[in-house]
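There are 2 protein chains.
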Amino acid sequence: MTLAARTPLYLDDLQVGQIFRGQDRVLVDAAAIKAYARQFDPQPFHLDETAAAGTIFGGLAASGWHTASITMRLMAIDGPPLAGGIVGGSLDELRWPKPVRPGDTLRIECEILEVIPSKSRPEQGRVKMRTTTFNQHDEPVQMIVANLVVPRRRQAAVG
Amino acid sequence: MTLAARTPLYLDDLQVGQIFRGQDRVLVDAAAIKAYARQFDPQPFHLDETAAAGTIFGGLAASGWHTASITMRLMAIDGPPLAGGIVGGSLDELRWPKPVRPGDTLRIECEILEVIPSKSRPEQGRVKMRTTTFNQHDEPVQMIVANLVVPRRRQAAVG
Chain A
1 MTLAARTPLY
11 LDDLQVGQIF
21 RGQDRVLVDA
31 AAIKAYARQF
41 DPQPFHLDET
51 AAAGTIFGGL
61 AASGWHTASI
71 TMRLMAIDGP
81 PLAGGIVGGS
91 LDELRWPKPV
101 RPGDTLRIEC
111 EILEVIPSKS
121 RPEQGRVKMR
131 TTTFNQHDEP
141 VQMIVANLVV
151 PRRRQAAVG
Chain B
160 MTLAARTPLY
170 LDDLQVGQIF
180 RGQDRVLVDA
190 AAIKAYARQF
200 DPQPFHLDET
210 AAAGTIFGGL
220 AASGWHTASI
230 TMRLMAIDGP
240 PLAGGIVGGS
250 LDELRWPKPV
260 RPGDTLRIEC
270 EILEVIPSKS
280 RPEQGRVKMR
290 TTTFNQHDEP
300 VQMIVANLVV
310 PRRRQAAVG
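Quick note, the sequences are listed as chains A and B, same order. With the numbering used here applied, the first sequence corresponds to residues 1 to 159, in that order. With the numbering used here applied, the second sequence corresponds to residues 160 to 318, in that order.
One chain only, chain A, in its complex shape (with noise of 0.2 Å):
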């Protein structure tokens, strides 16, 4: 399903099964890499080529994290246009089954997996959301399923 505006979604939107496929494309350079792991994660592997080439990764990789928050960056501008925002208290995995190497391009696809309304709170519920970014051979090259809190349309009041 793809989205042609970005209508928000409320809990009552969101059916098990719905897949959002992403638009964008990232360009991840090595200058990016870099530039993330000067700041977050300096290890030999996301800082300098040469350094990588003897490491466990064979060559410049980015950090997970940094694909993590590009990831991030993806689901808050063209995964599904929640109502009250992507805002997450846990994920229940994160994998990185192959590293980002400098030019690659990500994108991500989204699916509903559990959709929960909350008992004590009628206003709102909780999405279970799984969340694959792809490079441009298709290849996942991270996962994550994270419990989201989604706010519930206004109920029309009763009596």
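Hint data in this document are derived by calculation from the structure and do not stem from the laboratory. Values in this document were obtained by computation on a predicted structure and should not be read as measured data. Among the clues, some could well be false.
[As the list claims (entries may be wrong)] To give an idea of the chain A side of the interface with chain B (calculated C-beta under 7 Å), a few residues: (1) Tyr10; (2) Phe40; (3) Gly85; (4) Leu91; (5) Val145.
[What the hints assert, rightly or not] Using 25 Å as the maximum straight-line C-alpha spacing, the simulated DSS-like pairs for lysine-lysine come out as follows: (6) A/Lys128 to B/Lys257; (7) A/Lys119 to B/Lys257; (8) B/Lys278 to B/Lys257; (9) A/Lys34 to B/Lys193; (10) A/Lys128 to A/Lys98; (11) B/Lys287 to A/Lys98; (12) B/Lys278 to A/Lys98; (13) A/Lys98 to A/Lys34.
Here a beta-carbon is modelled for each residue, glycine too, at the ideal position from N, C-alpha and C.
For chain A, the structure is supplied; the task is to place chain B on it using the hints.
For chain B alone, coordinates are given in the frame of chain A:
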């Protein structure tokens, strides 16, 4: 346990229950929260105090992925000095029990939960490590459980 020097640690040096308490503190100010958000999580509650006031956060809060990125920095420079670096292919969980607010200072503690030598690759093994990120009130703001690849000490040749 606090390390006096950054002597590299191999799988053989790690035991279940070991705790590594970070010495560093990272101040998270409003400028840093907004700078990360502009780049990676451009949602109102991370970008602007006034816009944030009316949201679920009730005020400016750091993106959870910003907290995760800062935690990665602390793991790289102030966590257990694992031989080969902090290299993880997956997390079993990630939780953000409390938002990070402007002015918070963060530190980490790492606990070794499992140490599993590889059967197929005798030169390495897998370590499950919990890293908890605390604010200045010793409240956890993030917990992760990561599966790390850690090299073994080179064994003496036999025969």
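Taking the hints in turn, this is what the structure says about them:
1. Tyr10: violated (14 Å)
2. Phe40: holds (4 Å)
3. Gly85: Constraint on A/Gly85 satisfied, holds at 5 Å.
4. Leu91: At 4 Å from the nearest chain B Cβ, A/Leu91 passes the 7 Å test, so the hint holds.
5. Val145: This hint is violated: A/Val145 lies away from chain B, its Cβ roughly 10 Å from the closest one there, beyond 7 Å.
6. A/Lys128 to B/Lys257: The given pair, whose Cα atoms are some 19 Å apart, holds under the 25 Å limit.
7. A/Lys119 to B/Lys257: Cα-Cα ~22 Å, so holds.
8. B/Lys278 to B/Lys257: violated (39 Å)
9. A/Lys34 to B/Lys193: holds (21 Å)
10. A/Lys128 to A/Lys98: holds (23 Å)
11. B/Lys287 to A/Lys98: Holds, at about 19 Å.
12. B/Lys278 to A/Lys98: holds (22 Å)
13. A/Lys98 to A/Lys34: holds (18 Å)
Hints 1, 5 and 8 from the list above are not met by this structure, while the remaining hints are.
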